[in-house]
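If you're matching them up, the sequences are chains A and B in order. Under my numbering, think of the first position of the first sequence as 30, with each following residue one higher. Under my numbering, think of the first position of the second sequence as 9, with each following residue one higher.
It should be emphasised that the hints constitute simulated quantities derived from the structure, not laboratory data. Careful: at least some of the hints might be erroneous.
Said to hold, decoys possible - Computed spacing ranges between beta-carbons, pair by pair:
1. B:Ala71 to A:Asp629: 31 to 37 Å
2. B:Thr64 to A:Glu642: 32 to 38 Å
3. B:Ala121 to A:Asp508: 41 to 47 Å
4. B:Val155 to A:Ile99: 35 to 41 Å
5. B:Glu44 to A:Glu681: 54 to 60 Å
6. B:Glu90 to A:Ile89: 56 to 62 Å
7. B:Ser200 to A:Gly74: 39 to 45 Å
What the hints assert, rightly or not - Partial list, derived from the structure: chain B residues whose beta carbon lies under 10 Å from chain A:
8. Arg88
9. Thr112
10. Arg114
11. Val126
Computed from a prediction, not measured in an experiment: that's the story for all the values here. The beta carbon of each residue, even a glycine, is placed where N, CA and C say it ideally should be.
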Amino acid sequence: MTVQLTETGLAIAGQEVPIYAGAVHYWRLERDLWPQILDRVQELGFGVIETYIPWSVHEIEPGVFDWGTIDARKDVEAFMRLCEERGIWLLARPGPLINAELTGFGFPQWVLLDPTVQARTAVGSLHLDAAWGLHPPQQFPVPSYASKTFYAYVEQWFAAVCPIIARHLAPAGCIAAVQSDNETCYLFHDRAYATDYSEASLALYRTFLQERYTSVEVLNTTYQSAYQSFAEVEPPRDCEVAQRADMAWHVDWVAYKEYQIRWSVAHIARMLRAHGIQGVPIFHDVAFQYRTPLDIASMEREPDIDWVGMNLYRNKEGYRGAIQSVRFLAGSTRLPFVPEFGCGIWSHHSLTPTPDEQAFITLQAFMHGLKAINLYMLVERERWQGSPITRHGTFRPEYATFYKDFLVFARRYRLWSMRRSPGALVLLNYDLGRYAALASSLHFAHADLYGFPRELFQVDLELDLRWDIAREADDRRGDNWLGTVISRLEARSIDYDLADTHIDPARLSHYPLVCVPTVDFMDPRDQAHLLAYVEQGGQLLLGPGIPYLDPALSPCEVLQKHVVQEGRNEVGAGSIWWTTQQEVPTTVDALARPGDFSCDDFQVQLVSQSNGEATLLFVANPTAHKRETALRFPGSRLLRGVWGTTETRAGEGEICVELEPYSVQVWEVIA
Amino acid sequence: MIDPHWELVDLDAVTWRQLGRFFDPGQYLRAAQPGEHGLFLLHECGKVLRVVDSKTGVRSDLAPASLDDPQECARQLYARGEWQRVHVIDKAHLALVARVAQETPRCELTLDAYYHQVYQLLWGTASGYVSIPPHPGHWHGWTYQQVSQWVNALPFSPATLALGVLDRGCWQIGLILLCEQGRIRKITTFESLDLQALACGLSEETLTALSQQLTDTVAPPAGLLLCTRAVFDAWIEQENKTAVLLNAHQQRQAYWHWQR
Numbered sequence: 030m031t032v033q034l035t036e037t038g039l040a041i042a043g044q045e046v047p048i049y050a051g052a053v054h055y056w057r058l059e060r061d062l063w064p065q066i067l068d069r070v071q072e073l074g075f076g077v078i079e080t081y082i083p084w085s086v087h088e089i090e091p092g093v094f095d096w097g098t099i100d101a102r103k104d105v106e107a108f109m110r111l112c113e114e115r116g117i118w119l120l121a122r123p124g125p126l127i128n129a130e131l132t133g134f135g136f137p138q139w140v141l142l143d144p145t146v147q148a149r150t151a152v153g154s155l156h157l158d159a160a161w162g163l164h165p166p167q168q169f170p171v172p173s174y175a176s177k178t179f180y181a182y183v184e185q186w187f188a189a190v191c192p193i194i195a196r197h198l199a200p201a202g203c204i205a206a207v208q209s210d211n212e213t214c215y216l217f218h219d220r221a222y223a224t225d226y227s228e229a230s231l232a233l234y235r236t237f238l239q240e241r242y243t244s245v246e247v248l249n250t251t252y253q254s255a256y257q258s259f260a261e262v263e264p265p266r267d268c269e270v271a272q273r274a275d276m277a278w279h280v281d282w283v284a285y286k287e288y289q290i291r292w293s294v295a296h297i298a299r300m301l302r303a304h305g306i307q308g309v310p311i312f313h314d315v316a317f318q319y320r321t322p323l324d325i326a327s328m329e330r331e332p333d334i335d336w337v338g339m340n341l342y343r344n345k346e347g348y349r350g351a352i353q354s355v356r357f358l359a360g361s362t363r364l365p366f367v368p369e370f371g372c373g374i375w376s377h378h379s380l381t382p383t384p385d386e387q388a389f390i391t392l393q394a395f396m397h398g399l400k401a402i403n404l405y406m407l408v409e410r411e412r413w414q415g416s417p418i419t420r421h422g423t424f425r426p427e428y429a430t431f432y433k434d435f436l437v438f439a440r441r442y443r444l445w446s447m448r449r450s451p452g453a454l455v456l457l458n459y460d461l462g463r464y465a466a467l468a469s470s471l472h473f474a475h476a477d478l479y480g481f482p483r484e485l486f487q488v489d490l491e492l493d494l495r496w497d498i499a500r501e502a503d504d505r506r507g508d509n510w511l512g513t514v515i516s517r518l519e520a521r522s523i524d525y526d527l528a529d530t531h532i533d534p535a536r537l538s539h540y541p542l543v544c545v546p547t548v549d550f551m552d553p554r555d556q557a558h559l560l561a562y563v564e565q566g567g568q569l570l571l572g573p574g575i576p577y578l579d580p581a582l583s584p585c586e587v588l589q590k591h592v593v594q595e596g597r598n599e600v601g602a603g604s605i606w607w608t609t610q611q612e613v614p615t616t617v618d619a620l621a622r623p624g625d626f627s628c629d630d631f632q633v634q635l636v637s638q639s640n641g642e643a644t645l646l647f648v649a650n651p652t653a654h655k656r657e658t659a660l661r662f663p664g665s666r667l668l669r670g671v672w673g674t675t676e677t678r679a680g681e682g683e684i685c686v687e688l689e690p691y692s693v694q695v696w697e698v699i700a
Numbered sequence: 009m010i011d012p013h014w015e016l017v018d019l020d021a022v023t024w025r026q027l028g029r030f031f032d033p034g035q036y037l038r039a040a041q042p043g044e045h046g047l048f049l050l051h052e053c054g055k056v057l058r059v060v061d062s063k064t065g066v067r068s069d070l071a072p073a074s075l076d077d078p079q080e081c082a083r084q085l086y087a088r089g090e091w092q093r094v095h096v097i098d099k100a101h102l103a104l105v106a107r108v109a110q111e112t113p114r115c116e117l118t119l120d121a122y123y124h125q126v127y128q129l130l131w132g133t134a135s136g137y138v139s140i141p142p143h144p145g146h147w148h149g150w151t152y153q154q155v156s157q158w159v160n161a162l163p164f165s166p167a168t169l170a171l172g173v174l175d176r177g178c179w180q181i182g183l184i185l186l187c188e189q190g191r192i193r194k195i196t197t198f199e200s201l202d203l204q205a206l207a208c209g210l211s212e213e214t215l216t217a218l219s220q221q222l223t224d225t226v227a228p229p230a231g232l233l234l235c236t237r238a239v240f241d242a243w244i245e246q247e248n249k250t251a252v253l254l255n256a257h258q259q260r261q262a263y264w265h266w267q268r
């Protein structure tokens, strides 16, 4: 490939290009202002921008395209030439789905209204996008990503747009990477039984079952059923688990929902390649989900998808979710990248971020391992506010100053090349996520608008299991086994990454300690990967249970054969530590390697990064109160403030710092 | 009301942060109120599925095997005095609401009309969703019919509607709507105007200057309201809107202009 994906960004004809990008929607900006707007972009320090190329904007009636002859703002090729004249790299996102707050999410209306394209819900209706209350300004029928007619329409769109993109591919042209679709996930209706029950989707479901079981006899053995062919198999339309034998049927439907997404994104990527998009990476952006139906690790293993990022829009109160997403990207993906990082916000959002919030969340993300970013939107446009550059080509100084300063800082320290040294990897148990997905109900349109408590959507299953599955499956509560591990790591200032049990097994060896919540069941392949990690010298902390079943609840002993007792079990060159929740703190203390720096205040976060040229210590106060604490370290240290403070401090064993609410300081460790 | 191709431009971030609380469509549908202690009983055609207390979680002790009369069940539970509201919800009713609302693409409906249809479907039966106390049928005194009729009855077209909310000497909200033939076609903020016109703060002079500038640059105003933050909050939340404004005007905390 001419453009290579690297650990720090892109390499274009041998040139290192960090992805510090911002979104600019050419068709929403006055054509005459494009040069002035790109001037502002470059004045802020950006050398990479990103744009959608929206289908419905360009294909104005079936087979008729406007590339600027009717509306000058639609001359995307002129925009690309302008980027090339200025040496700006471009990330192109031609959809077919784009959202971008467009009416119809970028799909032409005649495509959406074709009945053979439309997805169906479990209750037999169309699936309207407004049903979850997210998407003004008009409801529309969501397409089925299994529909052949849908892909026939997409084919026509790609036949028109891809030659334009292909003429401008790097290194001769400006386009350095292309995205396959956008946030592919049933248009946010991601719950298991919400959709898609269209005929096309059910056909794909049966293909999935056939690939999984190879013969209907094998499926019948697993399901305890008597189907004559795969064509007879109907999916569950709600949680109908009455006994253990029902589990496989439900797990398979949940897994199919994941499969449809991966299949669609890979299929669209292949269509792009077939239309001449060669030599540049193809990536995908996940909206926000890191559990089923999104399976990021598996998606990155698809040969047609080069890398996967996850979008992130957070206010300061949501910092915990933000850093968990970044930790997940750092632990799971080839290049921790946020293809849409909140920079301003869409006009129907409930809390437009303040400049301070945007700065705080951005710094937090880089602190915890973000390597590549696309600020969405760098330039404001209709249905969007709070960006550093207005649609008129002027700065909003209250927002712009931070980004300008930050890019100077990032270049000075080559922030993209900095590495953390996480002391542990925490794995989310993918099977627990699937269990939570299948053991739920009320996936009807609008049900999330009625103000019901979360517990009303859950279904208690009577499966005679040993551990409390629902409790351990909830990755938002802090009082279960997973929450206890994370709390202890953070209390001891131990940096960690997140991933899930579908992780590429080769990544496990990067970590001295791997922690994973386990219950009665677990996929035998995932167990085998963990076992191999231990045999090669890894330390595996698991609990509260030890799996003795597979996710369909059939007997399965992989780890259990090696775990004879609670506590330490030596296996090969490493150990499995089967630990109750109460014993987690003690075991983490014994196994996890603390960093060079710690502090007394467990609310204050510390992360150290280094690239051989410099070492930076990030210190964050993610609370609403001013904090004073002592940074502790062995020996003597000299720290120079390089962000958020300009002081230089020296100390023996400790240095005191004061932190404003919701702030990040960066100290360069001089000695 | 909302034009499917409406234009929202030059939105100042301060105004939009203040307005964000109005963008959750669920608040205009639901009976449950923020922070309210509620009991939710979910059944399917009388078979009880789950009972959840919004503070303490699942309440298996309160789950009768079946219920014949959802209204009576809700009344009895409410009479215990433990909750501010009791919800008895038929799952089959929620499924029906979803199915009917999504039966066709509904292209003829604006988004607000679509949600209003959902509201009518949700609360249109006596036993599908029982709430005690019942849903009041309005949101802080506002109803969909009232607002949509008012927008449809503006005296001329195009017309602007504008709202300015002053707090501690700064315009916290500066909102401008452009309406044509009962549709909101464009939304912008005071940022798109010459801010000199607003320099006088809360006064008749500002009202006049704003009116003139809207006439000159966007469209003649059919309604303008300038007020303090406290008055705005009271106007939104209290049911007697007129009394709020009249009282505020006497205290020079609100100025308005309605073109009839």
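- Interface hint outcome for Thr112 (chain B) [beta carbon to chain A under 10 Å]: Holds - the Cβ of Thr112 (chain B) comes within 10 Å of chain A, reaching about 7 Å at its closest.
- Query: Falls inside 56 to 62 Å, the C-beta gap from Glu90 (chain B) to Ile89 (chain A)?
  - Reply: 60 Å, holds
- Message: The hint names Val126 (chain B) as touching chain A; please verify it with the least Cβ-Cβ distance against 10 Å.
- Response: With Cβ-Cβ at 5 Å, under 10 Å, it holds.
- Query: Okay, Ala121 (chain B) versus Asp508 (chain A) on CB: inside 41 to 47 Å?
  - Reply: 45 Å, holds
- Beta-carbon spacing of Ala71 (chain B) to Asp629 (chain A) - inside the hinted bounds 31 to 37 Å or not: 48 Å, violated
- Message: Given a hint of 32 to 38 Å, does the C-beta separation of Thr64 (chain B) and Glu642 (chain A) actually sit inside it?
- Response: 55 Å, violated
- Query: Is the hint on Arg88 (chain B) kept, meaning its closest Cβ partner in chain A is under 10 Å away?
  - Reply: 18 Å, violated
- Task: Could you see if the CB distance from Glu44 (chain B) to Glu681 (chain A) stays within 54 to 60 Å?
- Result: 56 Å, holds
- Message: Range first: 39 to 45 Å. Now tell me if the beta carbons of Ser200 (chain B) and Gly74 (chain A) are that far apart.
- Response: Violated, at about 29 Å.
- Arg114 (chain B) as an interface hint toward chain A, with CB separation required under 10 Å: 6 Å, holds
- Using the beta carbons of Val155 (chain B) and Ile99 (chain A), state whether their distance is inside 35 to 41 Å or not. 37 Å, holds
When each numbered hint is compared with the structure, violations occur for hints 1, 2, 7 and 8.
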